[in-house]
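Q: Residue numbers (the working numbering), protein chains in the order written: chain A, 1 to 298; chain B, 1 to 334; chain C, 1 to 334; chain D, 1 to 498.
Take the hints with a grain of salt, since some may be wrong.
Mimicking DSS-like on lysine-lysine, the simulated pairs with C-alpha atoms at most 30 Å apart in a straight line are [unchecked claim]:
id	chain 1	residue 1	chain 2	residue 2
1	B	Lys278	D	Lys6
2	C	Lys130	C	Lys212
3	C	Lys13	D	Lys363
4	A	Lys160	A	Lys85
5	A	Lys215	A	Lys184
6	A	Lys271	A	Lys35
7	A	Lys275	A	Lys1
8	D	Lys6	D	Lys203
9	A	Lys154	C	Lys155
10	B	Lys212	D	Lys363
11	D	Lys78	D	Lys66
12	C	Lys130	C	Lys13
13	C	Lys13	D	Lys376
14	C	Lys223	D	Lys109
15	D	Lys201	D	Lys429
16	D	Lys201	B	Lys212
17	B	Lys130	A	Lys207
18	D	Lys6	B	Lys130
Everything labelled a hint here was simulated from the structure, so no lab data went into it.
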Amino acid sequence: KVKIGVSIPTADHGWTGGINYYAQKAIKDWQAKDKNIEFYLVTADSPAKQVNDVEDLMVKGINALVILAHDSAPLTPVVKKAYEKGIYVVSVDRGLTEEVQDVYIAGDNPGMGRVSAEWLGKALGGKGDIVVLEGIPCVINSERVDSFKEVMAKKYPGIKILDSQPAYWDTQKGLEIMTNYLQKYKKIDAVWAQDDDVLVGVLQAYKESGRKDVKIFLGGAGSKVMIKKVLDGDPLVQADVTYPPSMIATGITLAVYGSRNQPIPGFYQQKIPSKIILAAELITKQNAKDYYQPDSIF
Amino acid sequence: MAVSIPKKLSLDKYGPLIALVVLVIASTILYPRFIEIQNLLNILRQVSYTGIIALGMTFVIISGGIDLSVGSMTAFAGAFAILTLNAVTQSLVTFSPFWLRSFLSILAAATVSVAIALVGGAMNGFLVTKGRIAPFIVTLGTMAIFRSLTLYIGKAGEFRSVNSVYGEMGMSVILGVPLPVWILFLLAAVLSFVLNRTRFGRYVCAVGSNEKVARYSAINVDKVRLVSYVIVGLMVGITAILISARLNSLSSTNAGKDYEMDAIAAVVIGGTAMTGGKGSIWGSVIGAIILGIINNMLNMLGVSPYLQGLVKGLVIIGAVSIQRGWITNGRAEK
Amino acid sequence: MAVSIPKKLSLDKYGPLIALVVLVIASTILYPRFIEIQNLLNILRQVSYTGIIALGMTFVIISGGIDLSVGSMTAFAGAFAILTLNAVTQSLVTFSPFWLRSFLSILAAATVSVAIALVGGAMNGFLVTKGRIAPFIVTLGTMAIFRSLTLYIGKAGEFRSVNSVYGEMGMSVILGVPLPVWILFLLAAVLSFVLNRTRFGRYVCAVGSNEKVARYSAINVDKVRLVSYVIVGLMVGITAILISARLNSLSSTNAGKDYEMDAIAAVVIGGTAMTGGKGSIWGSVIGAIILGIINNMLNMLGVSPYLQGLVKGLVIIGAVSIQRGWITNGRAEK
Amino acid sequence: MEAIVKTEGITKEFSSVRVLDNISIEIHRGEVFGIIGENGAGKSTFIKILSGLYEPTAGKIWFDGKPVEIRSPADARKIGISLIPQEFNLVSDLCVYENIFLGEELLQKNGFLDIKAMVARTRELLSELEVSSIDPYARIQNLSVAQKQMVEIAKAITFDSHLLIMDEPTTMLTSKEVEILFRLIGRLKARGVTIVYISHKLKEVKRICDRVMVLRDGAFISLEEVKNIDTDEMARRMVGRELKGIFPEKKSVAGEVALSVRNLSVEGLLYDISFDLHVGEVLGFAGLIGAGRTELAETLMGLRLSQSGSVTLHGRPLRLRNPWDAVHAGLSYLSEDRQGSGIITSFDVVKNITLTSLKEYAKPFINQKSEVEKSKFYVDRFSIKIPSLSAKLEQLSGGNQQKVSLAKSIDTGPRVIIVDEPTRGIDIKAKHDIYGFIRELANTGISVIFISSELEEIIGMCDRVLIMRGGSIVGELPQERLSEEEIMYFATGIKGGY
Ligand SMILES: Nc1ncnc2c1ncn2[C@@H]1O[C@H](COP(=O)(O)OP(=O)(O)OP(=O)(O)O)[C@@H](O)[C@H]1O
Ligand SMILES: Nc1ncnc2c1ncn2[C@@H]1O[C@H](COP(=O)(O)OP(=O)(O)OP(=O)(O)O)[C@@H](O)[C@H]1O
Ligand SMILES: [Mg+2]
Ligand SMILES: [Mg+2]
């Protein structure tokens, strides 16, 4: 019997809610298929708690660990301990500071910023005034925002970033900040909200303001609400960039194969690739139906 | 000393107002467009949600308690509001006229939201009074419980309303002023009256100031404290409707996050003592507005995201010390 | 009567212990491997960080105050610990022997961390006593300020130590027991002694019970309150070293998150009243352990992530009501 | 005579210690019923049972001939019993009129508070009590103890009760207010109100009570017409033996000047205070309420800051910026406000006694053994009646709390001790002990400032008396000229005006 521990952050905003959903979905799917796997799912609201969780999992005697680390450095020592004990480690999304995992699967944070910037730059025809709503000030956020700004500066010098404030990946915060932006700037051509939850609030603020000047809104992560808008041809929301929470489900699957030393079906290599980076995919009206999953909670 | 008493009282009363005025003047100087009517209305609307909760929190804090569960209770009640709204909307889908159908479903949603929050508040109150458990612990516990139930029901996702009229109600503006602002001021007027002009209000102060004396004065202490928690529950129920209507949806993970801190901070900035016994409803409204102005100005001035906390912390401490300085002139007071 | 006082007192004293024993027995029944020594040591290590802060928080709460800034102060002090560690390690790179170099850099880091947290605590205390601002507001403000400064210095990223000996120290185990657990118990013993057997300890209780009587008894009330905040600062400084060493790094965003809530909850579960006046250091240790056991069991039993909050909330309320039930037998007590 | 209250076998135990034993009495309608007894005899416990604050362990109560169960203050109120408690029961955050009507608010027809009516009624009540200077809107925390006592009295008479219980109402009052109170009692009695009156001032009992019950150690001793027994007999029954010569002999050996105060002023409170206190002297301070005696004491203790003036102790100038300066210099203060600023009711006896003097026991760690020993000494010396040394102060009777408070202020080993109403609520035998002790202190060279509103003890105890009025010292009486009349002349301004 294989014991797999899954350690993820608490559902404290939409995207982590998605992570929680997909982790449980993958566990349920596997349990239906295979009686010989036992899963332990633990959630942490801080790195310190997550370290505790991994310790607890080790007491449970797990064979494989799937971890989406809160932060890289703080989790590295304890994951290293697990790895050195021979536990099969799949690190999802947040990398560790040492190579103490068997597989690393992640979204592409700088890529997300880059793809967003490139699409937005093109859509604006290389000029205009935009505002940015950031996430919680942290590493992930900086990676996205920095690469977004870098692309803008290099490729689209005609685009001016008027403002960039933290919206904490929170709908209500997004609503508040967009209201303030609309008050502060008489003309805004586009908004990059970086996160679809925040975009919900941003669109609400825009609607309430009655203004007509903003042409383009771009969120991020690919929630079904926004994909639906793209699919339906909403003039304001014409695209989205993925950062799929389903990566945790893939990570769990990789752990099942990896801990049993099985190759992935269809793979000609015995071992699972040590690094898998999920592209930040651009969703537009053309391909939106491939991404739209009405049953998902995210 | 006899001379100074009225002076002291009035400063005690107007301290938060003075802080507000100073803040408004400073903001206008730093950013002249601050004072535009639209910006002021924006601020008022932004603070109205936690502001309404702060009204109820004022009663709880004056009575000597605290309620940490308001944020997750907002999420919980809001979730049921939307579930009810959707269920009723769908079951009435053939019913007409349209306006009556919308009205009925919104009424059902509001009723359920308020009912749930009232029960939640009563539960807190019951555990505090009959269970004799410290309010901090009780509401720390129920905070976790309500959030957990909301996540469970919503599978950590979003509750989305299928009724667009609900959303329109949430963002409606009456005579130029947004609905939640009207409600905030209306409730503040009512509750201020309750606090100052009814027996219950008087008893809340007595219980918070000296429980033993209150009991000796034949006041039903447990009932008074219980009712305070029910009042904050009522406010939560109302806020839950307003915020879920505004977004026409509700996130099970995020909704109501940190409301408790914002509400408590508003109450304390508004001059109510954490130790209980006295306080003011309008003070809490002012406290909420002060917090709103701070957030607004951080955006307006474009303060670096990293340093926003620094500025916010300094302004909060500064705003309260303005009141202090004028009131006590360095004399020791509890 | 003479008979009953010790009985009552002792239940007051042993209430948290009884709750702990009940919880341990229940956990062992639900999950027999709970009682394995490695699991118990894990729990102790897990709780030691907030446990140490809870020791200091006990003084603050007994004195009638509160400190919400401990979490971000931990991050702030820890950030400087690592910056100092790296700076000293690099500047001593040619210095040998190796052990002395490591020792010196760790010593420097520890000194800086403790010094910063002491200053931070003194600042809180100063604003509370001289500034006459409510402790809730002061520390809400400094909570934002410390976090903001940490984010600014760390550009919202992580502070990574370049000295692996630091990490080894953080993970070290002495006679089978992890270092932070030793420190927790050592500090608890010392501070329990301070609380019960020194003038300062007695004064803290007096100030929290009745500030006016304390003043009339020639107690320097401001000094006593200030020192309580300094003590919690000292504990924060120590925790900052231990946690940053354990992780050999520190996240500017997340480090110390929610420590204030955990520490306050531990203190209150441990039987100290939020209203001040009395409390127990060992009670707070037990409170911290109770919280640790709850978290551990949630993981061990594999409770659904959505429902963990529900279970946690119920157990916290239950654990405290066990104490209550046994102590008061339904009689009204404040 | 018809009984308004009848008790049968009333017994009260606090966790199996019996403090009231089988009290069966009748209180007649319209009488003033006195209760006397030593500190801790059970007087307060008895009337707390009548007013619903305690439930009796056993026994029955009849009111107006009907059996009643009085489970809460609300029950007591319903049947028409009101209480002026021994300790203040006022909410300090609320103002005067709010306290007076707390739990009995007047409402308008629409159900809202009728503030105007309450304030008006408060004014009436206060003027009936001849203290119209108290503002109905003043916060309780800003009142002096005497004012609080008058508010407490006003509160008890707001609603028309049939039985009014007064637990030591005059301990805080000067003779002027005592007369006001007695007039009030007379009026109430004329209206047919029954009054239960507890006091240690036996002369008062003799004067206004119709019958008096004596309790000793929780047991009923006697119940008799007051006209049949004199105060000496009352004292004998309380204590169980003869008491003679309550005041110790004065042997004034006016030594050198210990404390010298010159031109001390505090804005709005004290004006140009100058006096000398000699070694071994007991210097009395007399005056009416608001005369500023407490303020003077608090200023000397560094609890209030003076604007001008100087204080020297044995020739060394003192800087009195805070209380620890004062205590360090050898000053000590017994506060008149026992529960407000004297003792911590949630602390036990030992911790209270050593609170100010803790330094003596902490070198550097607190020596609990020596703390306990010293406390035992005071418990014996003042016959403090306590269940155990670890009893919380809230479990002690009022008089015994006062004794602890006194012990606390003496334990600092002062060179000058200021006692403010030191025998407040203390029984006659314990008074005797305390007077003796204070005189002993004086004889060992300690100087005593003796503030009291009881002229009898001022005259009995003091070597010299200063009289204050309106924040100034208006007169000085040497021992041989001491008399109640002389003091009152100065205190009321007939003599020695500004
Ligand atoms: N809450 C309590 N718990 C335990 N013992 C108590 C409590 N209240 C009073 N006692 C005890 O009951 C006895 C009687 O107290 P009571 O207050 O009735 O005395 P009293 O006659 O009013 O004395 P005094 O003249 O000092 O006011 C005392 O020995 C006291 O210690
Ligand atoms: N009738 C009054 N009206 C208003 N304020 C008063 C009145 N009487 C006293 N005060 C104020 O109350 C405070 C306390 O007075 P307090 O009665 O303690 O003086 P005191 O001289 O100590 O009285 P006593 O001589 O009875 O001890 C002082 O600030 C005094 O000015
Ligand atoms: Mg008594
Ligand atoms: Mg006085």
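Q: Give a verdict on every hint.
A: Okay, the hints, checked on the actual structure:
no.	hint	result
1	B/Lys278 - D/Lys6	42 Å, violated
2	C/Lys130 - C/Lys212	17 Å, holds
3	C/Lys13 - D/Lys363	27 Å, holds
4	A/Lys160 - A/Lys85	52 Å, violated
5	A/Lys215 - A/Lys184	17 Å, holds
6	A/Lys271 - A/Lys35	24 Å, holds
7	A/Lys275 - A/Lys1	26 Å, holds
8	D/Lys6 - D/Lys203	27 Å, holds
9	A/Lys154 - C/Lys155	23 Å, holds
10	B/Lys212 - D/Lys363	38 Å, violated
11	D/Lys78 - D/Lys66	14 Å, holds
12	C/Lys130 - C/Lys13	34 Å, violated
13	C/Lys13 - D/Lys376	25 Å, holds
14	C/Lys223 - D/Lys109	53 Å, violated
15	D/Lys201 - D/Lys429	12 Å, holds
16	D/Lys201 - B/Lys212	28 Å, holds
17	B/Lys130 - A/Lys207	48 Å, violated
18	D/Lys6 - B/Lys130	34 Å, violated
In terms of the numbered hints stated before, the structure departs from hints 1, 4, 10, 12, 14, 17 and 18, listed from lowest to highest.
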